[in-house]
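Undergrad: Residue numbers (our numbering), protein chains in the order written: chain A, 3 to 291; chain B, 596 to 888.
Because the hints were derived from the structure by calculation, they are not lab data.
Some hints could be false.
Per the computed footprint, the stretches of chain B lying under chain A, defined by three or more beta-carbons under 8 Å from a beta-carbon of chain A, are [as the list claims (entries may be wrong)]:
id: 1; segment: 636 to 650
id: 2; segment: 704 to 712
id: 3; segment: 873 to 879
Computed beta-carbon distance windows for the label pairs [unchecked claim]:
id: 4; chain 1: A; residue 1: Leu185; chain 2: B; residue 2: Tyr642; range: 47 to 55 Å
id: 5; chain 1: A; residue 1: Lys59; chain 2: B; residue 2: Pro779; range: 33 to 41 Å
id: 6; chain 1: B; residue 1: Leu804; chain 2: A; residue 2: His206; range: 39 to 47 Å
id: 7; chain 1: B; residue 1: Val800; chain 2: A; residue 2: Leu185; range: 53 to 61 Å
id: 8; chain 1: A; residue 1: Pro242; chain 2: B; residue 2: Asp776; range: 28 to 36 Å
id: 9; chain 1: B; residue 1: Thr682; chain 2: A; residue 2: Ala184; range: 31 to 39 Å
id: 10; chain 1: A; residue 1: Ile58; chain 2: B; residue 2: Asp777; range: 48 to 56 Å
id: 11; chain 1: A; residue 1: Glu98; chain 2: B; residue 2: Met799; range: 33 to 41 Å
id: 12; chain 1: B; residue 1: Leu804; chain 2: A; residue 2: Ala184; range: 20 to 28 Å
id: 13; chain 1: B; residue 1: Asp777; chain 2: A; residue 2: Arg100; range: 50 to 58 Å
Since the structure is predicted, the reported quantities are computational estimates derived from the model, not experimental observations.
Ideal Cβ placement from N, Cα and C applies to all residues, glycine included.
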Amino acid sequence: MPKFLSGDHPFPWLAPMFAMIIAFGIYPLIYSIWLSTQGKVPGLRDYKFIGAENWIKAFSDDRFIDSLVVTIEYTLICLVIQVVLGMAIAMLLDCERRGYGLLRALMTLPLVVPPAVTGMMFLLMEDGQFGVLSYYLKEMGLVDPDNPILASTSMALWGVMAADIWQWTPFMVLILMAGLRALPKEPFEAAAIDGANWWQTLRHLTLPMLSRVIATAVLIRTIDLYRIYDYIFAMTSGGPGTATETLSFYAGRVFGVANFPYAATLSLLTLIMLNVICFAFIKIFRVKF
Amino acid sequence: MPGHASKVILRDILAWFVVLVFIFPLFWWVLASFKPYTAIFAQPPVYADFQPTVENYEVTIGGKSRINLEGGVGGQTGGASSYYSLTSIYDSLIVAIGSTFCALLLATLAAFALSRFPIPGKDHMVFFVLAQRMMPPIAVAIPLFFIFRDMGLRDSHLGLILAHTLINLPLAVLLLKSFFDDVPVELDESAMLDGATRFQVFRMVVLPLVKGGLAATAVLCFIFSWTEFLISLLLTTSIRTIPVKITTFVTSTGTEWGLITALGSAALVPSFIFIMLVQKHLVRGLTLGSLKD
Numbered sequence: 003m004p005k006f007l008s009g010d011h012p013f014p015w016l017a018p019m020f021a022m023i024i025a026f027g028i029y030p031l032i033y034s035i036w037l038s039t040q041g042k043v044p045g046l047r048d049y050k051f052i053g054a055e056n057w058i059k060a061f062s063d064d065r066f067i068d069s070l071v072v073t074i075e076y077t078l079i080c081l082v083i084q085v086v087l088g089m090a091i092a093m094l095l096d097c098e099r100r101g102y103g104l105l106r107a108l109m110t111l112p113l114v115v116p117p118a119v120t121g122m123m124f125l126l127m128e129d130g131q132f133g134v135l136s137y138y139l140k141e142m143g144l145v146d147p148d149n150p151i152l153a154s155t156s157m158a159l160w161g162v163m164a165a166d167i168w169q170w171t172p173f174m175v176l177i178l179m180a181g182l183r184a185l186p187k188e189p190f191e192a193a194a195i196d197g198a199n200w201w202q203t204l205r206h207l208t209l210p211m212l213s214r215v216i217a218t219a220v221l222i223r224t225i226d227l228y229r230i231y232d233y234i235f236a237m238t239s240g241g242p243g244t245a246t247e248t249l250s251f252y253a254g255r256v257f258g259v260a261n262f263p264y265a266a267t268l269s270l271l272t273l274i275m276l277n278v279i280c281f282a283f284i285k286i287f288r289v290k291f
Numbered sequence: 596m597p598g599h600a601s602k603v604i605l606r607d608i609l610a611w612f613v614v615l616v617f618i619f620p621l622f623w624w625v626l627a628s629f630k631p632y633t634a635i636f637a638q639p640p641v642y643a644d645f646q647p648t649v650e651n652y653e654v655t656i657g658g659k660s661r662i663n664l665e666g667g668v669g670g671q672t673g674g675a676s677s678y679y680s681l682t683s684i685y686d687s688l689i690v691a692i693g694s695t696f697c698a699l700l701l702a703t704l705a706a707f708a709l710s711r712f713p714i715p716g717k718d719h720m721v722f723f724v725l726a727q728r729m730m731p732p733i734a735v736a737i738p739l740f741f742i743f744r745d746m747g748l749r750d751s752h753l754g755l756i757l758a759h760t761l762i763n764l765p766l767a768v769l770l771l772k773s774f775f776d777d778v779p780v781e782l783d784e785s786a787m788l789d790g791a792t793r794f795q796v797f798r799m800v801v802l803p804l805v806k807g808g809l810a811a812t813a814v815l816c817f818i819f820s821w822t823e824f825l826i827s828l829l830l831t832t833s834i835r836t837i838p839v840k841i842t843t844f845v846t847s848t849g850t851e852w853g854l855i856t857a858l859g860s861a862a863l864v865p866s867f868i869f870i871m872l873v874q875k876h877l878v879r880g881l882t883l884g885s886l887k888d
């Protein structure tokens with residue numbers, strides 16, 4: 003038995019984890035902050051200190067503002083659809099009869115598909131010439147045959163969101179269903195006796211009692227939606243134009259053209275905004291971990 | 596009640612319809628991987644009217660060369676060899692197993708301490724760990740790119756293992772803490788009255804009781820690493836995990852859809868097997884232990 007773990011002090015237990023987080027989480031963060039204050043020196047591999055110039059530049063950078071708008075749009079629309087659809091499907095599948103166990107298991111499958119693969123899957127299905135989804139949408143007259151989904155400025159973001167909604171609605175279903183199962187039965191019996199209809203029960207009983215579960219699920223989803231990258235990379239590369247360019251994707255693109263200090267600034271801005279949103283959310287809705 | 600019975604049947608039909616709609620893309624994807632090249636693009640779409648083939652798998656995983664590559668060239672080496680993906684599968688396995696092991700090792704110790712010791716400011720500590728989960732991958736990947744370059748860890752398995760360990764740590768710690776919290780403290784106390792040290796309690800009392808929880812945590816860490824994309828993309832060039840590799844099959848001259856669907860389908864196998872094994876812990880894992888299932 004390791005001697006250092008025999009005492010009654012928590013330090014040796016926690017130290018390895020904190021060492022890891024400091025070395026590969028906090029130190030890189032500090033490095034990133036340093037990098038964001040640097041400017042390029044032509045012809046040299048070195049940088050020079052330029053203070054907050056990159057940060058100021060971001061706020062007059064239309065492309066940054068655009069990507070912020072796309073990110074917020076993407077996050078909010080996906081959240082609403084996933085919560086509503088997730089709740090409806092959770093209530094539908096929350097049933098003890100035969101076959102429903104299998105249905106619930108099938109419903110969780112999309113969750114473990116690598117998002118890059120999901121992106122490719124929807125890229126193939128939404129292809130204007132030979133995509134299976136495009137074909138049926140065209141047949142139903144929902145999509146203009148001459149204007150493929152992912153090549154259209156107005157439709158491309160929806161095309162990407164379809165992948166996200168497909169992959170993550172099951173997450174909502176799973177969590178909300180677990181929440182539904184944990185609810186006490188008595189209030190529902192009482193409501194049924196009082197003659198409450200389906201909508202009244204949902205509105206005044208189910209939703210309030212599920213609020214903590216919903217808040218947790220929304221928080222976790224917000225974190226992932228706000229930093230979306232994989233689907234964009236696989237499906238549109240931010241295009242057409244910049245119609246689907248999110249914050250993470252823009253930062254990645256700036257990194258790709260070797261403007262490292264500005265890329266660091268953009269990624270830090272994404273991090274800061276996400277943290278502010280999350281902390282506010284945790285405080286307001288009293289989410290507990 | 597006939598009205599009731601028809602309502603039940605209606606619900607069954609609706610439930611099956613909704614689930615089948617959700618499963619359809621997966622079904623279509625796996626089906627496409629067994630299609631000859633032209634059948635993938637048939638309009639209207641074909642479901643049974645094609646000659647099934649495993650050629651796509653033979654080329655991506657078996658390394659068989661294909662003379663009539665109908666797509667373009669991808670990857671850095673060009674030609675058919677760049678679609679050979681067995682090394683990608685190895686890369687993904689090494690990184691996922693390595694990072695799962697590291698994350699579990701660090702997280703069990705920390706989670707046990709957070710669950711059992713009276714630590715001042717414990718809630719803040721848990722919150723600090725949780726905050727790591729809110730890091731956008733791009734904010735992690737950019738500085739790590741330079742730090743790893745200076746340390747010689749860029750484009751190495753070890754570097755990617757460390758990066759994935761970091762992103763898996765919050766999940767592992769919070770999840771294991773919730774499993775440890777389920778074990779009554781009285782068990783620890785009686786063992787310690789009998790003269791056991793903390794470490795003995797940890798190893799001989801608590802760990803055996805959370806075996807299922809450990810397995811579930813390991814599976815989820817594995818899947819997160821197996822599916823991770825952006826960090827793997829930026830930190831490597833010659834090592835190509837499957838999600839990154841698969842995007843290199845799309846090139847300016849064409850897209851090898853047959854091979855993409857084959858590799859993509861193969862990549863689903865371990866995740867599906869694992870997730871079936873830990874179904875009952877899935878909710879807790881996805882919510883970082885904050886909701887007990």
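Undergrad: Verify the coverage statement for the segment 873 to 879 of chain B against chain A, using a C-beta to C-beta distance below 8 Å and requiring 3 or more qualifying residues.
TA: Check passed, 3 qualifying residues.
Undergrad: Taking the beta carbons of Ile58(A) and Asp777(B), is their distance inside 48 to 56 Å?
TA: holds, 51 Å
Undergrad: Just tell me: holds or violated, for the beta carbon distance of Leu804(B) and His206(A) against 39 to 47 Å?
TA: holds, 41 Å
Undergrad: Mind checking the hinted window 50 to 58 Å against the Cβ distance between Asp777(B) and Arg100(A)?
TA: Check failed, 31 Å falls outside 50 to 58 Å.
Undergrad: 33 to 41 Å was suggested as the range; check whether the CB atoms of Lys59(A) and Pro779(B) agree with it.
TA: About 57 Å separates the Cβ atoms of Lys59(A) and Pro779(B), which means 33 to 41 Å is violated.
Undergrad: Honestly, do Pro242(A) and Asp776(B) meet the 28 to 36 Å range at C-beta?
TA: Violated - the Cβ-Cβ distance for Pro242(A) and Asp776(B), about 50 Å, lies outside 28 to 36 Å.
Undergrad: Confirm or reject the coverage of the segment 636 to 650 of chain B by chain A under the rule of 3 or more residues with a beta carbon closer than 8 Å to the chain's beta carbons.
TA: holds (count 5)
Undergrad: Could you tell me whether the CB distance from Leu185(A) to Tyr642(B) stays inside 47 to 55 Å?
TA: Violated, since Leu185(A) and Tyr642(B) (Cβ atoms, about 41 Å apart) do not stay within the stated range.
Undergrad: Mind checking the hinted window 31 to 39 Å against the Cβ distance between Thr682(B) and Ala184(A)?
TA: violated, 46 Å
Undergrad: Count the residues of the segment 704 to 712 of chain B whose Cβ falls closer than 8 Å to any Cβ of chain A, and tell me whether that reaches three.
TA: holds (count 6)
Undergrad: That 33 to 41 Å hint for Glu98(A) and Met799(B) (C-beta), does it hold up?
TA: holds, 40 Å
Undergrad: For Leu804(B) and Ala184(A), compare the CB-CB distance with the range 20 to 28 Å and indicate the outcome.
TA: holds, 23 Å
In this structure, the earlier hints numbered 4, 5, 7, 8, 9, 13 are contradicted, and the remaining ones agree with it.
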